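S.K.: Next come the chains, spelled out residue by residue.
Number of protein chains: 2
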Amino acid sequence: MSNGTRQPIVYPPHTRVDLRKFDPAATNGMSREEAEAELVGLRLRLNELQNMLYADARYALLVVLQGIDAAGKDGTINSVFEQVGPIGCSVVSFKAPTPEELAHDYLWRYHRVMPERGHITIFNRSYYEAVLVERVKGIVPKATWEQRYEDINRLEEYLLRNGTVVMKFFLAISKEEQRERLQERIDNPKKQWKFRLGDLEERKLWDEYLEAFEDMLERCNTKHAPWHVVPADRKWYRDVVVARTLVEKLASLGLRYPPADPAVLGLKVD
Amino acid sequence: MSNGTRQPIVYPPHTRVDLRKFDPAATNGMSREEAEAELVGLRLRLNELQNMLYADARYALLVVLQGIDAAGKDGTINSVFEQVGPIGCSVVSFKAPTPEELAHDYLWRYHRVMPERGHITIFNRSYYEAVLVERVKGIVPKATWEQRYEDINRLEEYLLRNGTVVMKFFLAISKEEQRERLQERIDNPKKQWKFRLGDLEERKLWDEYLEAFEDMLERCNTKHAPWHVVPADRKWYRDVVVARTLVEKLASLGLRYPPADPAVLGLKVD
Numbered sequence: 004m005s006n007g008t009r010q011p012i013v014y015p016p017h018t019r020v021d022l023r024k025f026d027p028a029a030t031n032g033m034s035r036e037e038a039e040a041e042l043v044g045l046r047l048r049l050n051e052l053q054n055m056l057y058a059d060a061r062y063a064l065l066v067v068l069q070g071i072d073a074a075g076k077d078g079t080i081n082s083v084f085e086q087v088g089p090i091g092c093s094v095v096s097f098k099a100p101t102p103e104e105l106a107h108d109y110l111w112r113y114h115r116v117m118p119e120r121g122h123i124t125i126f127n128r129s130y131y132e133a134v135l136v137e138r139v140k141g142i143v144p145k146a147t148w149e150q151r152y153e154d155i156n157r158l159e160e161y162l163l164r165n166g167t168v169v170m171k172f173f174l175a176i177s178k179e180e181q182r183e184r185l186q187e188r189i190d191n192p193k194k195q196w197k198f199r200l201g202d203l204e205e206r207k208l209w210d211e212y213l214e215a216f217e218d219m220l221e222r223c224n225t226k227h228a229p230w231h232v233v234p235a236d237r238k239w240y241r242d243v244v245v246a247r248t249l250v251e252k253l254a255s256l257g258l259r260y261p262p263a264d265p266a267v268l269g270l271k272v273d
Numbered sequence: 004m005s006n007g008t009r010q011p012i013v014y015p016p017h018t019r020v021d022l023r024k025f026d027p028a029a030t031n032g033m034s035r036e037e038a039e040a041e042l043v044g045l046r047l048r049l050n051e052l053q054n055m056l057y058a059d060a061r062y063a064l065l066v067v068l069q070g071i072d073a074a075g076k077d078g079t080i081n082s083v084f085e086q087v088g089p090i091g092c093s094v095v096s097f098k099a100p101t102p103e104e105l106a107h108d109y110l111w112r113y114h115r116v117m118p119e120r121g122h123i124t125i126f127n128r129s130y131y132e133a134v135l136v137e138r139v140k141g142i143v144p145k146a147t148w149e150q151r152y153e154d155i156n157r158l159e160e161y162l163l164r165n166g167t168v169v170m171k172f173f174l175a176i177s178k179e180e181q182r183e184r185l186q187e188r189i190d191n192p193k194k195q196w197k198f199r200l201g202d203l204e205e206r207k208l209w210d211e212y213l214e215a216f217e218d219m220l221e222r223c224n225t226k227h228a229p230w231h232v233v234p235a236d237r238k239w240y241r242d243v244v245v246a247r248t249l250v251e252k253l254a255s256l257g258l259r260y261p262p263a264d265p266a267v268l269g270l271k272v273d
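Those protein sequences? They're chains A and B, same order as listed. Throughout the first sequence, residue numbering follows the numbering used here, covering 4 to 273 in sequence. Throughout the second sequence, residue numbering follows the numbering used here, covering 4 to 273 in sequence.
Same shape as in the complex, but just chain A:
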């Protein structure tokens, strides 16, 4: 796809996105300077909107970030939420489940850390791992993971109906971009701690992950909780897309500072 053609971020529900034809380096005609300038304002606006979400206390916001290793999930969080204070905004990074978590249904550990109203919680990886790593590595049989797409759609519909807005971002990078980023982790002493030998085994499963991502993007792209497919080779474009999407969504909720108790108006403090 040439840079002149716009590549959509959101697709109609249940559209199949061919990730082999998707351009992870797309910037939809935007320059780095334009993106960085826009991002400055978006970060400030996101902070304002988070304060209003908190004061308003009618909605919660769940942000789901998925992407292959080194797709930039941590970097996106650090950049997009740079101006958002930690009161009312938290991140949960999911690792391999503990024995206690495995002893429960697979959505249990995610449900218990959902944001309360007024708060933003960012899932750095999420319940989608149940149809990604667990599928690709054969941790559960196909008959099990096949049913999970519908479980997840129902969960997200339920959450929205109960005041939790779910915003999902898939960060798409090219295989070459992943190679460069993993190599950087090996070569840079400040990044070596992020690298595990297992990362190279995972990389060998690139095609299997691509297929699992395509199924996820097709089957869980719903009207109530659409997937945003973000070209993420260029970090500055990735960040502006995520920030803009969040700002637009929050701005659409009609957030407002709750009206004061009439007994409070005009009071003088001694």
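Calculated from the structure, these hints are not laboratory results. Be a bit skeptical, because a hint or two may be false.
All copies of an identical chain are treated as equivalent in the list; a pair is satisfied when it fits inside any one copy or across any two copies.
Here are the simulated lysine-lysine pairs, BS3-like style, with alpha carbons at most 25 Å apart [said to hold, decoys possible]:
#: 1; residue 1: K252; residue 2: K178
#: 2; residue 1: K252; residue 2: K194
#: 3; residue 1: K238; residue 2: K193
#: 4; residue 1: K238; residue 2: K178
#: 5; residue 1: K197; residue 2: K207
#: 6; residue 1: K98; residue 2: K252
#: 7; residue 1: K193; residue 2: K98
#: 8; residue 1: K271; residue 2: K193
#: 9; residue 1: K197; residue 2: K98
Nothing here was measured: the structure is a model prediction, and the numbers come from that model.
Starting from the structure of chain A, add chain B where the hints point.
M.R.: Structure of chain B alone, referenced to chain A:
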């Protein structure tokens, strides 16, 4: 106290601080411009140190903020941690305990949300409420709260021995400053949601709170977990004191990026 005299932030263990003689407007000779300039650098440094704390993963940091209503706990968090990303840094704001929490020992709800190694957790109010509001409002009898100072000292000693560094800040404001801030909450439509009529009842207990704070600052000011008594009428001075103290502490821990697995060095990614 004149602005020329330095007012200590930390006192020798178990010193009684007379809060009636303490100057909450003290700036120890610093100007607003100096403080704001220093704060810019401290925020960036705090972010760097948090990244190293995370990579190093040997220590956790617990930051405890206490102060009377409107002392500026939220404002301090938003300002000091402005540059620290939400990955690895979270805030817990404690409200009145739930029935489940009340059914446990009083430290239970605090212990379960302590930071894991590599993380910073900020307690916006803390287990110290067990010797503050619970004492002042007579929620528990004296025979009960009297024993809690020692429980808390033991807990903090235990935490430190197990890798959690505890940094405690008491934000001291004057009664007149509190009056102005509560009045602002009543008069400013964007702040009214923060105000409750009960805040005025609490204000009537100013002297009782002062005594409870003095006891807390005396009995729980230990070598392993000293109290920092922060003059907090001037927000810019308050922020620079808290930020500087945290930066100095983290810088003293000898944090480092963990060395790479020898099997990883020199690897080339295909």
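S.K.: For each hint, tell me whether it holds in the structure or not.
M.R.: Going through the hints against the structure:
1. K252 - K178: neither (31 Å within a copy, 42 Å between copies)
2. K252 - K194: Answer is between: at 24 Å across copies they meet the 25 Å cutoff, but 34 Å inside does not.
3. K238 - K193: This pair counts as within: shortest intra-copy Cα distance 19 Å, inter-copy 35 Å.
4. K238 - K178: within (15 Å within a copy, 49 Å between copies)
5. K197 - K207: within (18 Å within a copy, 53 Å between copies)
6. K98 - K252: neither (29 Å within a copy, 29 Å between copies)
7. K193 - K98: within (22 Å within a copy, 39 Å between copies)
8. K271 - K193: Cα proximity of K271 and K193: across copies only (17 Å, versus 56 Å in one copy).
9. K197 - K98: Within one copy only: 14 Å inside, 37 Å across.
Comparing the model with each numbered hint stated earlier shows that hints 1 and 6 do not hold.
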